[in-house]
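Going line by line, the protein sequences match chains A and B. When you line the first sequence up against our numbering, it's residues 47 to 301, in that order. When you line the second sequence up against our numbering, it's residues 38 to 236, in that order.
Calculated directly from the structure, the hints in this document are not laboratory data. A hint or two may mislead.
As the list claims (entries may be wrong) - Sample of chain B residues lacking proximity to chain A, with all beta carbon distances greater than 12 Å (derived):
(1) 57
(2) 71
(3) 91
(4) 92
(5) 93
(6) 113
(7) 114
(8) 152
(9) 168
(10) 170
(11) 202
(12) 227
As the list claims (entries may be wrong) - To give an idea of the interface, some chain B residues facing chain A are shown, with a C-beta separation under 8 Å as derived from the structure:
(13) 40
(14) 147
(15) 151
(16) 185
(17) 189
(18) 192
Virtual Cβ for every residue (Gly too), placed ideally from N, Cα, C.
Here is how the chains run, residue by residue.
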Amino acid sequence: MGAPRTYQTYAVIIKGVRIGEVDKIVTIYTPELGKLKAVAKGAYRPGSKLGGNVEPLTHSLLMLARGRNLDIITQSQTIDAFPVLKSDLWRMACALYVLELVDSFTMERNENRPLFDLLLNALKWLCQSEDSEIVLRYFELHLLDYLGYRPELHRCVICNSSIKPVINFFGFGQGGILCSSCGQDKPAAHSISVEALKVLRLWQRCDYATARRVVLKSELALELEQVMHGYIKYLLQREVKSIAWLEELKREVTC
Amino acid sequence: MATTAEPVAKLVEALSKLPGIGPKSAQRLTYCLLRSPVEEAKALAEAILALREKIRLCPICFNITDCDPCLICRDKERDHSKICVVERPSDVPPLEQTGKYNGVYHVLHGAISPAQGVGAEELKVKELLLRLQDGVVSEVILATNPNVEGEATAMYLRQLIQPLGIRVSRLARGLPFGGDLEYADEMTLRQAIEDRREF
Chain A
47 MGAPRTYQTY AVIIKGVRIG EVDKIVTIYT PELGKLKAVA KGAYRPGSKL GGNVEPLTHS
107 LLMLARGRNL DIITQSQTID AFPVLKSDLW RMACALYVLE LVDSFTMERN ENRPLFDLLL
167 NALKWLCQSE DSEIVLRYFE LHLLDYLGYR PELHRCVICN SSIKPVINFF GFGQGGILCS
227 SCGQDKPAAH SISVEALKVL RLWQRCDYAT ARRVVLKSEL ALELEQVMHG YIKYLLQREV
287 KSIAWLEELK REVTC
Chain B
38 MATTAEPVAK LVEALSKLPG IGPKSAQRLT YCLLRSPVEE AKALAEAILA LREKIRLCPI
98 CFNITDCDPC LICRDKERDH SKICVVERPS DVPPLEQTGK YNGVYHVLHG AISPAQGVGA
158 EELKVKELLL RLQDGVVSEV ILATNPNVEG EATAMYLRQL IQPLGIRVSR LARGLPFGGD
218 LEYADEMTLR QAIEDRREF
């Protein structure tokens, strides 16, 4: 007996692309199947039963029918529409960055349950958090962990010596910390202060409830952002597009 | 060796580049044009050429037009103190058809979409802010689409316009006519309840 024609899954809607007049191809992230693309027929019709349930930034319960190429969404129900994220420009920008990271780093139909939980939690944390920078850095660090890019933060990845409490380097190509002597002549490395390294080490091993207690000064927050963005850019071999929008919003606030 | 006459093959190829038209439909349209009177084919060709030659963007509202400024912007009878901001030129006709709006428009030519690298720089946002400087405008109606990109654009514009002391409003959101309450999504129902009106 073959697989059943329909199946049900929870999903976070990552993005949607209009196809034809009223149809939409949505990219979703699910706990059992990882990322997949599915067709939401008639999603752009005003009276569509799918409509808002398949909008990006929504946690939904979907019924899908197996299709020849793409599966087809036949029923949908919103579990959480994250209205707080959709009514706050900065939080929405952060959440869209989170979605883009998941989309960029994952392959279709590659199950990763911890990553689904992390994604869902990150969206919830963004709704509640006063400091979204902590949510984003914590998310990035653990996303990389679940995808096999966990950076080594305790010993020099070149000479294996223990890291001294001085300014060291984060080697993007090496995937971790370089001691002060090994890191000096590496072009794809970013200097990292003792405080920044301590914060990364703590976040790498603690839960979010502990991570959020860290109070980040603006210079430290900027340093952590530069290190993590540099590492992500190296891994993807391109910029994450949503970063430009986050930067633009930051400039608007400081203007 | 090609068996189809070259003019036929060329038109099939050109038509199949249009959205929603595959090679079979393109072939059907081509043979239909071949059978139709020559005047009809000429009229179609002229209409297509005129579209590309005469249509440009209105320097005020950036809607597509064949005159400078467009008919809406030059209309003295319209209320120039209200600007309705839409994403695309195709959003203007449905609003006009309602007959309920007598203000003017501003077409952004897109919506903010961070994942596609579309920021405010790519839209006609600076041009909108310039229009607001002369003190004539008292209300900006944000009529971007009710989706994530449209909301991001609307919130961004609100952030820019509100400090200027101009009223910013957003098109109401709620249940569509002919819809079904049982199948309405959470965001729509939430808005419908919050923005309910005296009946």
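- Item | Indices of hints not satisfied (ascending) | 1, 8, 12, 13 and 14
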